[in-house]
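*Asks:* Sequence:
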Amino acid sequence: MEYNFTNIEKKWQKIWKANQVYKVTEDNSKPKYYVLDMFPSPSVAGLHVGHPLGYIASDIYARYKRLRGFNVLHPMGFDAYGLPAEQYAIQTGTHPATTTEKNIKRYRSQLDQLGFSFDWSREVRTCDSQYYKWTQWTFIQLFHHWYDQSQQKARPIKALVDSFEKQGSDAVDAARDEHEPFSAEAWKQMSEKQQSDILMHYRLAYLSETMVNWCPALGTVLANDEVKDGYSERGGHPVERKRMQQWSLRITAYAERLLKGLEKIDWSDSLKEMQKNWIGKSVGASVDFGIEGHDEKIEVFTTRPDTLWGTTFMVLAPEHKLVEKITTGEKKPEGDAYIEKAKKRSERERQAETKAISGVFTGAYGINPLNGKKIPIWIADYVLSGYGTGAIMAVPAHDSRDFKFARHFDIPIIQVVVPKGEQPGNTDEWEDSKDSTEGTIINSDFINGMKVKDAIRKVIDYLEAQNIGHAKVNYKLRDAIFSRQRYWGEPFPVFYKNGVPYTLDINQLPLNLPEVDKYQPTEYGKPPLARAENWKTEDGYPLETNTMPGFAGSSGYYLRYMDPHNEERYFSAEAVNYWQDVDLYIGGAEHATGHLIYARFWNKFLYDIGLSVKEEPFKKLINQGMIQGRSNFVYKVKNDNKFVSHGLRNQYDTIKQHVNVNIVNNDILDVEAFRKWRPDVGDAEFVLEDDNYICGWEVEKMSKSKYNVQNPDDLVEQYGADTLRMYEMFLGPIEAHKPWDTNGIEGVFRFVKKFWRLFHQDNRFSVSDEKADEKSNKSLHACIKKVGEDIERFSFNTCISTLMITTNELLEHKAAQREVLEPMVILLAPFAPHIAEELWHLFGNDGSVVDAEFPAFNPSLLVENSFEYPVSFNGKMRFKLDVPNDMKKEDIQEAVMNHPKAQKWIEGKQLIKFIFVPKKIINVVVK
RNA sequence: GCCCAGGUGGCGGAAUUGGUAGACGCGCUGGUCUCAAACACCAGUGGUAGCAAUACCGUGUCGGUUCGAUCCCGACCCUGGGUACCA
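Numbering (the working numbering), first residue to last: 414 to 1340.
Hints listed in this document are in silico derivations from the structure and should not be mistaken for laboratory results. One or more of the hints may lead you astray.
[Said to hold, decoys possible] Distance ranges between label pairs, derived from CB positions:
1. E676 to I1328: 37 to 43 angstroms
2. Q879 to D845: 29 to 35 angstroms
3. K754 to S563: 43 to 49 angstroms
4. D682 to T741: 49 to 55 angstroms
5. Q764 to P1092: 54 to 60 angstroms
6. D682 to I1328: 57 to 63 angstroms
[Unchecked claim] Distance condition first, Cα-Cα at most 30 angstroms in a straight line; then the derived DSS-like pairs of lysine-lysine:
7. K677 to K689
8. K949 to K655
9. K744 to K754
10. K677 to K445
11. K689 to K864
12. K1166 to K1188
13. K1199 to K1032
14. K1055 to K1089
15. K1293 to K1188
16. K757 to K817
17. K1027 to K1191
18. K1089 to K566
19. K1119 to K423
20. K931 to K546
21. K423 to K655
22. K423 to K1167
23. K1069 to K1119
24. K885 to K436
25. K949 to K931
Small disclaimer: the values here were computed from a predicted structure and weren't measured. By construction, the Cβ of each residue, glycine as well, lies at the ideal position given by its N, Cα and C atoms.
Make a model of the complete structure from these sequences and hints.
*Replies:* See below:
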């Protein structure tokens, strides 16, 4: 019988579906295991070869755990809201729901043909109202909760209001924005609007003014990514920074718990490090600087209050609220121009460009609260309004960036810390700032002579005693801006009454996304939902027109999989008590500081209010590497409808443009296909080299916008799903990034055919019930051991190598006994489920191979009584020597030294040391 | 700029991380089978020198620690990801 993968795969996929082989229910007789993939966002391009990489890995592990007797939850769904469907809708007028539905169908059929063990009865889609009902529900909960620092948990707003009524604002220790304190009496006399404004400073979901990239021409807000040099990437319209009222989530309240929680989870150190840096905890002090001639104070945060005496200037972010007020008349024009310029630059641009030093003196002076010294106040765009207080005290002697700024503008530099073993220096001669992490304080009044650590403590005590500052912990983490001026997202369950926001009743959920005539913003720059007819409550109050961001729907989806059809609740207590949390989560590292932080926050909140039963949602996380695309480029001559070949591009002034890799073969462009693909330049001239148009190439992220997407369908048709699954795993370690290349899939295909041949003779399934020989048994058990160990450490590429090696050995031994071949089928099953299932049934088994038992390995078969040692001289391997296990070190030394091959290396030299590492190496050191 | 990761033959990678560098596979070379091809099978394959045994060189670059470094330390170069409204 020939190996006909198409028939085999189709047949078993049908049977698995009909028998619901992958459907799971809570089963208290078995331990649970929850394997989760980051669900895909269904794009027009379909699934590309990078998507399945993670899914194959998780599927292997899910199947493996099932073979080990676990009740495995392995669900899948779709992150269906987002920009791409909306952009497409703006261009074509097609409703995003239509596009999304179509894309999901395509994804589903692509996933199905790969033979994944997903329980599709649990599918969720973020754009489904029965799903987003619970996203909206969670938002309402966030709105009605605040964070109690003393209890370190979220509590109902009701409790806060009670406290205000009894004791005013000072009785609680809450995560909140700054506001003036008030008494219980004052609270009671406030209007509803005033009370609402106060509560906004506490709610975990709140309205506030935040900075955005505003593009007036497009009437929309843009991501930093969409802004290039102050212009929109799309259309090239000017963009400016602007304040806008937005919903935010007070994720900063959870900063400390997000940080601490990292210690308890099994994630890679690099990912934890990224999150740690993102949260960016720093311990220091808040200090109030006076301003000459003004009543206001400038609050700065510093990690080094001990260097206060070294402060020779201050810097405000251009957006700082005091800039306008303190800039003096003569400096005003210069200041305004600078602020105008800064507005046009994105935060990232402002931080990236450190070579060009820029800034403007305000003409105003701050007062150092410790010594009363006057220090100039500058404006510079390297200070960002979003970090700390948007103002810094600059200590040029001990900070590199401040140093460069001071040198550039000729501002004095005062040394205040002397590093250990050094003498105080002349700062005029310095080329850079001096490290100050450790050392002795000078030029600093009452802390002179103290060590840095003690000085910090002393200064903070002094600041607090004088009421000019206090100890403070600052986090780089910012609250998550939660509103988007877009159509294709969850509507907020919020309406406005006299300008005060209220949430809908839970029983009014879901608030369905309304129909609109167009998907772009209105002429007045209002979000698309403003176009919806009757977008108001039954009582006629206007509903919120913003929608939620992409991460809203993906923040809690793993919980909904536990009980996806529950209409009464997010999920039942029974379901969550059984499934608990995700044991293994597989997805891309590009989510490190986005989704993976938001989801942890979301889960902690649900934990606080008694829904989640585990504080951390994802116990173990694996980041599958990105399969990178190989992009191709054409070179268009600027201001001319002409393209030049790669080798000639430097002779012209050209722009590099992506070209669809599917019309490029071996970097040679199919010019006719290109004309069809880009009708806008259909009549272009092509400058060739050697009669060909050669394209440039680069390895980049695979994405539709780079036209380098490869999809798996053709490969499944040509080689079958089992081969594709194993080939993707064989490419390299799951966590490594690798460029996609189809060369090499033939080798895996050969292996699958070889494996099939193990069980067949003269085209007939032919396996005997006789005892297998020792060699075959040894091969099998070495394989069981290695494959088991390697699956446990997610080293799937070496699993496949091992299976190849064992298959070659068994073929060589002409092993055809059930005793060795049947366990091989089970070992292969997680990787290549279709062929394994077919062979499993050829053996006469009834049930599915997924319910088989992972074979046990017999250690006694693998015991060796000697070891072949590599013998090195001065670290260089020279020959090998077989040594019995029970031989003594002295005897081994003698055997080595008397070995004929050793003479060449020891002749005329003196033995310094004889190193013997059991089961590793022998090294002879001679001189 | 900042944070994180990576760099090993012609190519993907292995060496479970201080102990034989290059497992397994692709590709390539030669051969068997065939009228021929495909499939399959056999042999070889890091570089240099050599008929060979063997020797020297070799894990991005430079330097260090060690009996011994792909692995640890320092400096640098290059590539990829993230950088808060792409998902």
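*Asks:* Going through the numbered hints above, which ones does this structure break? Give me the numbers in ascending order.
*Replies:* 5, 6, 17, 18, 19, 21, 24
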